[in-house]
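K.L.:
As a plain string of letters, each chain reads:
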Amino acid sequence: MRGLGQYILHRGTNRLMLVARHLRKEFGNVVAVRDVSFSIDNGSTFGLIGPNGAGKTTTMRMILGILTPDGGAVDWNGETISGAMRRRFGYLPEERGLYGRMTVREQIRYFARLHGLSNRDAAERTAEWIGRLGLTANAERPCSELSKGNQQKVQMACATVHGPELLILDEPFSGLDPVNAEMILAVLAELREHGTTLVLSSHQMWQLEEVCDAFCIVSDGENRAAGTLRELRERWPTRVIRVSPASRATRRVLEAIAGARPLKTLIGAMQYEVPSSTSFPEVLTRLVAVEAVTHFEVVEPSLHDIYLHTVESGAQVAS
Amino acid sequence: MLRDLFVVYRAEIVRRIQSRPFLIGLLIGGLGIAGLAKLPAFMSSHVTVAQARVVLGGAPQLATKAAALLAAQYDIAGTQTSLTQPSLGDLDRLGAGRFISLESDGNGLRVTVYSTDAASVNALQMARLLLPLQLELGAHVDAATAKRLAAFKVSVVAAAAKESLAQVQFERAVALTLIFFLYLLVILNSQLTMAGVIEEKTNRIAELLVASVEPLALLYGKILAGATLAFMQMIVWIMCAIAAGASNPHAASTGAPAATPFNLGGPAAAALTLTVFGAFVFFLIVGLLQFSTLFAGMGSLISRPEDLGSINAAMILPIIAALVLAMTALDAPNAPIVVASSFVPLFAPFTMFARIATDQPPIWQIGLSAGINVLAVIVIALVAGRLYRVGMLLYGRPPSLRQVWTTIRG
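Protein chains in written order, with this note's numbering: chain A, 1 to 319; chain B, 1 to 410.
Because the hints were derived from the structure by calculation, they are not lab data.
For glycine and all other residues, C-beta sits at the position ideal for the given N, C-alpha and C.
Check each hint, because a few of them may be wrong.
What the hints assert, rightly or not - Covered stretches of chain B (in silico footprint by chain A; criterion: 3 or more residues with CB under 8 Å from a CB of chain A, positions within the stretch not fixed):
(1) 3–12
(2) 272–283
Stated by the list, open to error - If the Cβ cut is set under 10 Å, some of the chain A residues that face chain B in the computed set are:
(3) R24
(4) G28
(5) P51
(6) N52
(7) G53
(8) I66
(9) F89
(10) L92
(11) E94
(12) E106
(13) F111
(14) L114
(15) R120
(16) W206
Next up, chain B with everything else stripped away, as it sits in the complex (with noise of 0.2 Å):
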């Protein structure tokens, strides 16, 4: 069994390595991994800036104050004080994103932004900016007092770890590139399994295949072929993140945020440690096996290319359901429903791993975790088994669900 195995391994990552979709994979994954760490300070260095000129309107007095307030963050293109409800037409007359209309009355100041772009605008930073005027106005301060009173500081400290903020934001922004990087591996090295096995099936090679070797040598094989080439995908992203990160020279000087995703150089390598590195490869081997034996055993019961949307539709969900799971867990790590997923088999090699990359989970979880999804791994690979070994020689009608259940019962 393990002389065929490895047989049908080595053929398999000949195979796939000359195929299409792993090439794309590999080499467009890889490129397209180095453009998105480089397009946070990219769009901060060649977005537009029309959208950041504001023009305040108001009392003269007032707008004149308020503008020394707000230069500190916005471009300030001048007053208007004549205009109380600007138009789309008014701003690009005045070349501006943004009109701030400002007025004040007994209990201080109120103020209204006109954009083109409402969404991006930030009122809590555009209220903090402007709090010394509120202060003057509102509790009838002198401006020295009022400036004095507004200056506060919020200082942000991780209480566990006791991290600076910034480490924080680059623990985050490394576990969230590594499950973007988790759930693209395994969902396109399961899918290239499966496709594989619908392959052998369609052009009728499977019986001829199964008549030489152990099937479950030939599903086996295929299983540890793609996991391979996943890891060396993997190898690959990584190096391609850490290089397009270590060579950004935009990420200082412009003002881009320090820790983005699928930037694995510079500062963030020293976020990526042992630990979190270990975890990831754990759980990537974790959730191939899982994912990739269950998408082979499915895809022996198809027959037709044209079943395979079908099937493949019902199999991504729970993936996509762990994504979401593992994108939650990076705000909550210990929110009751992500603990209880980080234990639940195909979840969590997702969910686990974010809880280890962003929080310091019990050794218990970790272990009780790990445990019952490498049993996971051993009890789903008996029922992929079973249902290839019969998949393989079924032709037609896809079974019903009483047939895959009758036959993984055995």
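Just chain A, with the same shape it has in the complex (with noise of 0.2 Å):
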């Protein structure tokens, strides 16, 4: 078995919040999660990415209390998540409905009271939760008769009405339009400004790429890779460089690179996929040496990339 240490970040700070530790959950014969490790920093935004199947949700219930885990722990702070301490949480399930007959108000309202919050409290937060996404001319319309846009509205503000101190949200940006996709994005970003710990897991790498300081790419129910984007990249073992113009002498220098592998040529560009231990510094030099470099680009691996890579390979990357 790893060792702990090797999927914690920022190793050494005081700021942990949420350890995930070895976390394993059979289902019959099914094993979904073998071994699953991370942690999470105070206010950080946190990417749970795999494939479909790759126990992601099945390890985001476990964060939550919904599943106990068969092997394994989660702390919070330290501690053992209880029912009280899950009361300070927030979950967006990537499979999420509404009561059809509640009116907005009373849905939110109820799961504000649901969260804790008194019932002075709940009706405070719910009418600030209405104006924020612009729910105020649909807010004593019951859900059933709401767009699906505004449905999506209504399932936001009842993960967060209470200001929760971790979300947790599950491919929170399926099923959604630009404008939703955005308005979930700008949620976030609020929240996040707040203080609050957000876990995502999305298909959609550009979008977690975007919001998110650390990642955990999980397949077959075990962690691949751990980090942040940058130590992810920095893990990386390859990194594509892109000169133009594509001459017979450049094409010599790059050849030259111990390593290096011709991709395909990207509107004039000529693409190089080199160790990433090469000095580019001195691949530049030698270039400007032999010709008149128009570009010279080193292209870092993007988290899709990354993804993809550590998935179909199947490798562990380690940290």
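Got two chains here, each in a separate frame; can you build the complex from them with the hints?
P.N.:
Shown next, in the form of structure tokens:
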């Protein structure tokens, strides 16, 4: 079994809030989560990514205490998660619904009450969120009469009305139109500003790359990689060099790099995959010496590249 | 947990009061009960008398004597000495519902009744009325002696309670009414609870809920809300039954049976004693908690509304079996099967109540039954709680019996 330290981010700080240690969950003969560990800093945004069936939702449910782990544990500020703590969490599941006959106001207020707010606070916060999400005109309408976009706003309000310390969002962008996706992003940014720790899972890597501070890639119920995007990139074994013009002289320089592999030409620029240990200033110096170089770029791997490579190869990227 | 339970309870009460099935159950149920209470009186005053009109056939002297004896209970339209085996057309032509053919030989009287509604013929009553004629013909005594001999009296007294027959009849009618209320309240509210659980699963709000609150608080909040509203329904229904019975203008004047089901007003109100009402309330609560919890637990295993039918049928069977046993208990409160079932959870709320309402079971039996069933409420709550906790997140194919058993064992 791997040590926890492999997946702990920002070691040595005292800001750790959520720590998942060697989580395991089985359903009959099916092992949904084999061994997942990570830690999340206070106020940070964490992306839990992986293919369908990787164990993300089960992991999230274990964090929330909806499921009890068969192995491992989840700590929140050094304490095992309890029922009372869960009230300070928020959750937006992938499959989400509403009570059709309840009005928007009743619905949001009900969830505020379930999360421990007093009647008065629940009413105030509900009114705030109704205003914040532009639902005032629909506040007294039954949720079944709302458009899908407005229903999604209500679901978001239900998950966040109590001002959670930790908000877990499972595929929050799935099925959203661009306008509502922007709305969710804006709400997340606001929550983050107020110090809410966010855990997100999504298949839309570009959105995660934009909002997350750190990631954990899960596949087949196990950690495959974890860290900030910078850390993940640092561990990435190759880089892509993009050079223009695509002349014979520049090609000779690039092919001379040990381990270099040509890729498809992109809009007149040559692309070579080279080891990440390559001295790029030195390469640039050599290129400039043989040709009037108009474009030189070292392309960092995107989260999408890292994710695909990690999942497809089944490799584990060591910290 | 208690605070969460209260929040769920309140929300559930509001949701259910706003729901159509509850309102229908409350209002239409109340009106229906008032209607049922008035039905016997209405029937007896409005039902056509054609069925009761009787034509007598046979020797003229015999028919005349029989007519004099039967006139107390039957509307005698006349005699037809020429007719022996009338057809339906003959009865129509005579404007009668029955034709009574009278013959005599050395052994006495032979009577054959031709009726458009054979099932309603009370042969025993007819034999009793014609007994003087039978004695006259068979025992060869004079008419006055035959009349005197036939005029014997049968008195019925409830030996245990030393009550009058009328009291016993009222008690039975009240017990029957309350058993039906028990059945309707348990079945309606258990199904409403199950429907609520299935609604939360199918509209996918369940996961959001169990992430916010302990699943058990959610489950028990629902069940307690259901029990509270069932109580409300019960009060409305009983008041309807009392009001309808009290304002029944036909009961005395039309000869309708004095003690009729769903009539808790007038003299029947005296049979609704504190003991009977207390037992009813206790076993209603126990029955509601047992069945609602079981229905909710099983409902959590369903993820598609189309699966509801199969599970519903299986769940209703014990309630129907309990109702049948309770009906048996009205006539035979100490029959071994009735006594045994009055201790068995799910059956006892019906059968023990029926026994208390119609008889005086030993105190130890009542106490033991109450103890077993309160314990059963706790056990069912634990089992259903486990099913619910797992079931609320279960989607797709319904679980196998083995999976259910594994879940219950934890």
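K.L.:
What are the numbers of the hints the structure violates, in ascending order?
P.N.:
When the structure is compared with the hints, numbers 2, 3, 5, 6, 7, 15, 16 turn out to be violated.
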